[in-house]
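Trainee: Using the sequences and the hints given, assemble the complete structure.
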Amino acid sequence: MHQHHPRDHQQLRGGNRRGLDRGGGYHPSGASLAPDTDSWWYKVKEFTRKLIAFLFGHVGICGLVVGYIIMGAFAFMAIESEDQKRQYADVERVREATIQNLWNITHELNVLYPNEWNESVSIEVQLFQQKIVHDAATTTGAWSFSASFLYCLTVITTIGYGNIAPRTVMGKMVTIVYAMVGMPLFLLYVSNMGDFLATCFRWGYVNLCKCTCFSRPVHHHAQRGSRRRISQRSAPANTARPDLTSVQQQQQYDPVASIHHRRIPGGPSDFDDVELHPVGGGPYDTATVPITISLTVMVSYMVGGAVLFQQWETDWDYLDGSYFCFISLSTTGFGDLVPGDKINSSSGIELSLIFCSMYLIIGMALIAMCFNLMQEEVIAKVRKLGQSLGCIKPGEE
Amino acid sequence: MALDRKRSVRDRGSVRSRGSSSASSSDPREKLKDCCRQFVAFMFTQVGVGALVVSYAIMGAFAFMAIEGESENSENNDHVAHLRSSCLSRLWNVTDHLNVLEERKWKLDVRQVLLDHQQAMALAIKGGYDGRTNQERWTFPSALMFSLSVFTMIGFGHLVPRTQWGKIATMLYAVFGIPVYVLYFMNMGQVLASCFKWFYCKLVRCVNSAGAVDELSDDMDEESYSGLVIVPSTACLWVWLTYLAVGTIMFAEWENWEYLDACYFCVTSLCKIGMGDFVPGANLQASSNQTKLIINFVYLLVGMGIIAMCYNLMKEEILVRLQELKADLIERLQDVSGRMRR
Numbered sequence: 001m002h003q004h005h006p007r008d009h010q011q012l013r014g015g016n017r018r019g020l021d022r023g024g025g026y027h028p029s030g031a032s033l034a035p036d037t038d039s040w041w042y043k044v045k046e047f048t049r050k051l052i053a054f055l056f057g058h059v060g061i062c063g064l065v066v067g068y069i070i071m072g073a074f075a076f077m078a079i080e081s082e083d084q085k086r087q088y089a090d091v092e093r094v095r096e097a098t099i100q101n102l103w104n105i106t107h108e109l110n111v112l113y114p115n116e117w118n119e120s121v122s123i124e125v126q127l128f129q130q131k132i133v134h135d136a137a138t139t140t141g142a143w144s145f146s147a148s149f150l151y152c153l154t155v156i157t158t159i160g161y162g163n164i165a166p167r168t169v170m171g172k173m174v175t176i177v178y179a180m181v182g183m184p185l186f187l188l189y190v191s192n193m194g195d196f197l198a199t200c201f202r203w204g205y206v207n208l209c210k211c212t213c214f215s216r217p218v219h220h221h222a223q224r225g226s227r228r229r230i231s232q233r234s235a236p237a238n239t240a241r242p243d244l245t246s247v248q249q250q251q252q253y254d255p256v257a258s259i260h261h262r263r264i265p266g267g268p269s270d271f272d273d274v275e276l277h278p279v280g281g282g283p284y285d286t287a288t289v290p291i292t293i294s295l296t297v298m299v300s301y302m303v304g305g306a307v308l309f310q311q312w313e314t315d316w317d318y319l320d321g322s323y324f325c326f327i328s329l330s331t332t333g334f335g336d337l338v339p340g341d342k343i344n345s346s347s348g349i350e351l352s353l354i355f356c357s358m359y360l361i362i363g364m365a366l367i368a369m370c371f372n373l374m375q376e377e378v379i380a381k382v383r384k385l386g387q388s389l390g391c392i393k394p395g396e397e
Numbered sequence: 001m002a003l004d005r006k007r008s009v010r011d012r013g014s015v016r017s018r019g020s021s022s023a024s025s026s027d028p029r030e031k032l033k034d035c036c037r038q039f040v041a042f043m044f045t046q047v048g049v050g051a052l053v054v055s056y057a058i059m060g061a062f063a064f065m066a067i068e069g070e071s072e073n074s075e076n077n078d079h080v081a082h083l084r085s086s087c088l089s090r091l092w093n094v095t096d097h098l099n100v101l102e103e104r105k106w107k108l109d110v111r112q113v114l115l116d117h118q119q120a121m122a123l124a125i126k127g128g129y130d131g132r133t134n135q136e137r138w139t140f141p142s143a144l145m146f147s148l149s150v151f152t153m154i155g156f157g158h159l160v161p162r163t164q165w166g167k168i169a170t171m172l173y174a175v176f177g178i179p180v181y182v183l184y185f186m187n188m189g190q191v192l193a194s195c196f197k198w199f200y201c202k203l204v205r206c207v208n209s210a211g212a213v214d215e216l217s218d219d220m221d222e223e224s225y226s227g228l229v230i231v232p233s234t235a236c237l238w239v240w241l242t243y244l245a246v247g248t249i250m251f252a253e254w255e256n257w258e259y260l261d262a263c264y265f266c267v268t269s270l271c272k273i274g275m276g277d278f279v280p281g282a283n284l285q286a287s288s289n290q291t292k293l294i295i296n297f298v299y300l301l302v303g304m305g306i307i308a309m310c311y312n313l314m315k316e317e318i319l320v321r322l323q324e325l326k327a328d329l330i331e332r333l334q335d336v337s338g339r340m341r342r
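Those protein sequences? They're chains R and S, same order as listed.
With the UniProt record's numbering, letter number 203 in the first sequence gets 203, and the count goes up by one each step, no holes.
With the UniProt record's numbering, letter number 124 in the second sequence gets 124, and the count goes up by one each step, no holes.
Treat the hints loosely; a few may be bogus.
[What the hints assert, rightly or not] Only part of the chain S face toward chain R is listed, based on derived beta-carbon distances under 7 Å: (1) M121; (2) M153; (3) G157; (4) M171; (5) L260; (6) Y264; (7) V267; (8) C271; (9) M275.
If you're looking for bench data, these hints aren't it; they were derived computationally from the structure.
The beta-carbon is built from N, C-alpha and C at its ideal position, and this holds for glycine as well.
Mentor: Here you go:
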């Protein structure tokens, strides 16, 4: 398939292997044959290539995590359903015993005096009640599919509600193993998605800045370096290119290229280097997202969740909703408030539990994104604080 | 010599220079002063952070005791009493209306009454009823455990705030407590990691000196030698497993749990999952359980430190492996997509 097509030249940029495969010495490996980077077709090809890599990278991780949770949900359903039947049988037994006792009481009294009867019966009911309370500590809700799904999610995110907990020996052992394997997987997902979302967010933010900066007069070369560079950027791309330094040339803000740039395997140092340089240029002041915006994103996600859950759950108010969102997203997870917990539907997929799970999965990624955006500033500030307090010696991490 | 001192100054909490007879030929008095200064700084930093964490927990315990313990017993208790009396009156009605007490019919009706009562009780229990008053529930050790579970993000959930102010206080407590905890975590992790590295080096040196490889270790200073020795991940895992085993045995004996249950509790607590179905000392009947709660508290804090240490020691290895994995994956994908395009 040696068609001499303009496309072939462009593929050499991607890697040595392809160039060599196409008949070796003709094209020097790795050297860019001055490809027509501006051609529309080339851009489309690059985009599709990155899309495929992205799909396998990010969506793959998401799919892996969701698949792991689904697998765990089925496993726990199978393990705990037997024990559940036993639980119900136990409760029924206690109830039947109480009924029998009540009957005996009623039967023995030949003449029914309300007070006497009430006294004996109330003792009996009190006992029954205490047994319910005692058993409720170990009795858990139904292990439907959605409940198991939420349970598996809470295990690997370390939230750990505990409103549903395994009671069988097998269930506990499987929980331990499941947690050991699932937690690193989820951490991988969170860091991956956090990085990706942070990159997108920075790109969007810089774009927004550019739009607002466009309105400023171009010749305003202020003292601040940032503004000068922005005005350079807002000049038409083609003419600006020879003016820009090589550093800026590498970092033309092109979000797809930035993703590609980050994925070039170059070792840890390379990775860190690119991570610190947000899209659009290295030392740009406006390219780092300020802390307030990240905090706003986090808080609004929590408030949004609070409003939604308050609508869904009948007896939650706004405080309960925000309390639930905060406690869940901080992975504390008490388990006193869980959406869909009070619904006694024995079968089928309860929507609120699935929705809750989705909310948590997305929320974790968002929080990772915010921490990603905030970390440079926060670390610098903390280091300054520590140095001023004398706790941290200069030159340390 | 100056280089050695710089390096020893740079290692925070470096245990190696604490009175160890290193081969560097510095003035002994200088070394002693240096040691003392480092020791004081070490104690101040590490102990300071540890004390901060503990005092924050204690302060939180008192605050929650005041907010939740003193609050009037929620309407839950009244509600349950109301439930019981209505159940009784229904039973009486059933009994009264049947002129002839036929067993099967009577039992049918009574069964229904009890079922309703049971379900109503289940709802009340989910709302927080457990037969105790707020004072009984929120004792100091329980409140301490609760504060710990908030800022370590374990979140047992066996004891939760029910009042509005309690919930707001919990959120604020978490917002300020989690950074403190993270600080403690990272600090403890580094200290323990350097201690462990030093210990491991000593061990390796002992083993090596038994062999013939002596000139290598003589030439190098201890610090540089330890820089070369990387603690393998398996050693960290062994430490963690040992700690887990200790906890399992301890809790199984004290609480009369099964070994599996104790292991399950240790794993879920140390991994910060915190189910809350098993909490040592949760069923507070006797005061002896209060000391158990304190020991539980200490166990969890130290356990977090050990996890931080393992994380610290394994971090570089894991990061590098992850990078390699990512790079490998990307390369393969590019390869595949390149082949697909031909």
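Trainee: The structure should be examined with respect to each hint, and the outcome stated for every one.
Mentor: Now for the hints, and whether the structure bears them out:
1. M121: holds, 5 Å
2. M153: The hint holds - M153(S) has a Cβ within 7 Å of chain R, the shortest such distance being about 5 Å.
3. G157: Because about 4 Å separates G157(S) from the closest Cβ in chain R, which is inside the 7 Å limit, the hint holds.
4. M171: holds, 5 Å
5. L260: With a closest approach of 6 Å, the L260(S) hint holds.
6. Y264: holds, 4 Å
7. V267: Holds: closest Cβ of chain R sits about 5 Å from V267(S), inside 7 Å.
8. C271: holds, 6 Å
9. M275: Constraint on M275(S) satisfied, holds at 4 Å.
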